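Sequences listed follow chains H and L, in order.
FYI, in the numbering used here the residues of the first sequence are 1 to 343.
FYI, in the numbering used here the residues of the second sequence are 1 to 343.
If you are wondering where the hints come from, they were derived from the structure by calculation, not from laboratory data.
Please note that a few of the clues may not be correct.
You can't tell identical chains apart in this list, so a pair holds if it fits in one copy or across any two.
DMTMM-like mimics (lysine to aspartate or glutamate), calculated; alpha carbons at most 25 Å apart, straight line [unchecked claim]:
hint: 1; residue 1: Lys16; residue 2: Glu56
hint: 2; residue 1: Lys314; residue 2: Asp282
hint: 3; residue 1: Lys314; residue 2: Glu278
All values reported here derive from a predicted model rather than from experimental measurement.
2 protein chains.
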Amino acid sequence: MRVAILAHEKFPGDAKTAVGVLRYSDHDVVAVLDRSRAGERVQDHLPDVQDAPIVEGMADAPACDALLIGIAPIGGGFEESWRPDVRVAIERGCDVIAGLHALLTDDEEFVELAADHDVELHDVREPPDDLTVAAGTAGDVDAHVVLTVGTDCSTGKMTGVFELRDAARERGLDAAVVPTGQTGIMITGWGIAIDRVISDFAAGATERLVEQAGDHDVLFVEGQGAIAHPAYSGVTAALLHGGQPDSLVCCHVAGRDRVGGYEAFEIPDHGWYASLYESMADPISGATVDAGLLNTRTLNRSEANTALDAYGSKLGVPVTDPVRDEIGPVLDAVLPENLRERN
Amino acid sequence: MRVAILAHEKFPGDAKTAVGVLRYSDHDVVAVLDRSRAGERVQDHLPDVQDAPIVEGMADAPACDALLIGIAPIGGGFEESWRPDVRVAIERGCDVIAGLHALLTDDEEFVELAADHDVELHDVREPPDDLTVAAGTAGDVDAHVVLTVGTDCSTGKMTGVFELRDAARERGLDAAVVPTGQTGIMITGWGIAIDRVISDFAAGATERLVEQAGDHDVLFVEGQGAIAHPAYSGVTAALLHGGQPDSLVCCHVAGRDRVGGYEAFEIPDHGWYASLYESMADPISGATVDAGLLNTRTLNRSEANTALDAYGSKLGVPVTDPVRDEIGPVLDAVLPENLRERN
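Generate coordinates for the entire structure from the input sequences, incorporating the hints supplied.
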């Protein structure tokens with residue numbers, strides 16, 4: 001599928017979805033829309049992902065099949081400044097794919113325009129309508145289940161599962177990501193946005209995803225939020241208990257010592273935090289924190305090494321920066337012996 | 001308000017909502033509908049709540065303003081055998097109030113009939129449509145906030161908050177319950193069913209409730225689920241972090257050693273479980289488990305005393321059976337000194 005990705009004024013640093021699609025999906029990205037960087041190219045910023053021109057708006061994008069909304073503001077609203085691009089996309093015959101709380105299919109103008117031009121509006125964050133409570137059975141799947149968890153939102157839990165998947169596949173393992181948020185769903189084409197599921201069914205939705213993918217060798221379940229986050233811990237708990245993982249990978253951003261957007265709250269000691277995850281998992285799946293991922297983007301090499309050493313020593317398990325360094329040791333740490341031996 | 005309460009084949013043991021309304025609300029209950037007990041009276045079963053006749057169906061109920069659905073099957077569906085009673089209620093000009101996942105307002109027959117007879121259908125479990133993510137500010141309210149938590153669902157968390165409220169009011173305190181489930185909402189006439197809120201907003205909904213009621217002396221927030229429950233921990237986490245309580249009261253049913261409906265899962269050691277709640281609360285509100293409530297209904301007096309001693313010694317705080325024994329020591333344990341001194 002040929003896609004354009006909307007990321008106005010946020011590319012690349014604050015455009016997690018856009019960057020995820022560029023890096024991990026099979027889509028052919030024909031353009032990134034960012035009016036603050038028009039004329040630049042993706043590879044000016046991200047040398048290791050597929051390249052594409054950055055354009056002012058949809059009118060300047062090459063022919064494509066769909067426009068992806070590649071940024072998600074806090075709260076998940078639709079920014080009115082994006083409206084002209086969505087309008088042009090529909091008029092050009094492109095589907096529109098978004099992962100916002102505010103639904104494209106609730107927008108009267110877009111619904112009418114989409115009908116006129118025979119294109120589809122996909123709200124990937126909208127969950128199926130036949131979800132139920134968890135049965136407590138995700139632990140019965142054959143696959144080895146690994147969940148990324150973290151000390152905060154936006155700590156690399158989504159990046160982690162795709163990097164682990166790709167590394168496992170390179171070793172010949174049958175590995176899959178279980179996507180639980182809009183970016184993962186946009187990248188893989190399946191999944192459920194757990195944060196959009198009603199609380200009672202959030203663990204059940206996670207269980208359904210794990211069971212659907214349960215015949216792979218290993219599943220990397222995309223984590224969300226943080227288990228002691230002031231706003232999103234409920235989502236994290238539902239993933240942890242609904243997905244019944246065997247192994248946890250704890251993600252952190254080097255230097256972040258307060259919860260993003262909630263600066264009144266300190267991020268606890270990382271070793272303590274990992275133990276909290278293990279205590280929470282203990283009565284249900286008994287998962288342990290077997291590895292850590294650290295985002296060291298803002299540090300130079302020497303600082304990054306120091307931060308990685310400190311983080312690894314707090315957690316007492318192998319850690320790495322999955323973007324900057326080898327992920328092999330972390331993959332080894334989360335795989336059971338029978339899957340490690342295949343290498 | 002004069003109400004009839006539907007509780008077919010479940011009264012009183014499996015009719016938590018019906019019994020809660022009889023015991024704690026200001027409504028005048030004119031009849032309980034239970035076809036398996038028609039001709040009996042409420043006080044034959046529950047001597048300490050308001051009395052009412054138990055009748056075969058709505059046609060036999062005295063005049064009233066509303067029919068409350070007072071039972072909630074697992075899954076929250078509408079039982080078709082209730083349909084004739086709801087139909088008769090509407091035809092008699094009664095509003096219908098339900099807390100089911102299945103909405104009255106999604107039932108075409110009821111919607112049409114209600115319009116014809118000018119009555120209202122209230123789905124109390126349906127959350128407001130303007131909820132947002134938590135801001136992390138519930139801890140700023142003036143009120144002292146107490147949350148009931150537990151080792152499982154149906155451990156007395158709802159009963160606990162109403163008993164604590166009533167005991168606090170007897171001491172002259174300005175106390176209120178913050179209802180987070182259908183029964184509490186039916187009893188008090190306000191609240192949000194947190195389990196029905198989308199995961200991302202569940203902490204935010206809790207925060208809104210606490211802030212709305214924040215000018216009381218003390219708030220007793222109705223807990224839900226359990227923090228290590230295989231299906232409902234997400235709801236519990238949202239209450240714990242969204243509500244930012246000062247104090248926790250841990251509820252358990254004597255003799256229950258496996259999670260109800262999920263017998264593959266043992267309930268962990270109670271002292272360990274209380275510590276898990278405290279660890280989860282620590283980075284956000286720092287709440288501690290200051291008291292415990294134990295449902296000893298199935299035990300004789302001597303067994304109950306033994307169970308209470310054992311539970312108190314595991315938790316290391318005052319415990320009581322709030323239905324059978326005095327709740328005063330537990331109230332003292334959760335109140336701050338300035339509110340205790342008012343007594």
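For each hint, the structure was consulted:
In this assembly of identical chains, Lys16 and Glu56 lie within 25 Å of each other by CA distance solely inside one copy; the values are 19 Å within and 60 Å between copies. Taking identical chains as interchangeable, the C-alpha atoms of Lys314 and Asp282 lie at most 25 Å apart whether they share a chain (20 Å) or sit on different chains (19 Å). Within a single copy, Lys314 and Glu278 get their C-alpha atoms as close as 14 Å, and across copies as close as 21 Å, so both meet the 25 Å cut-off.
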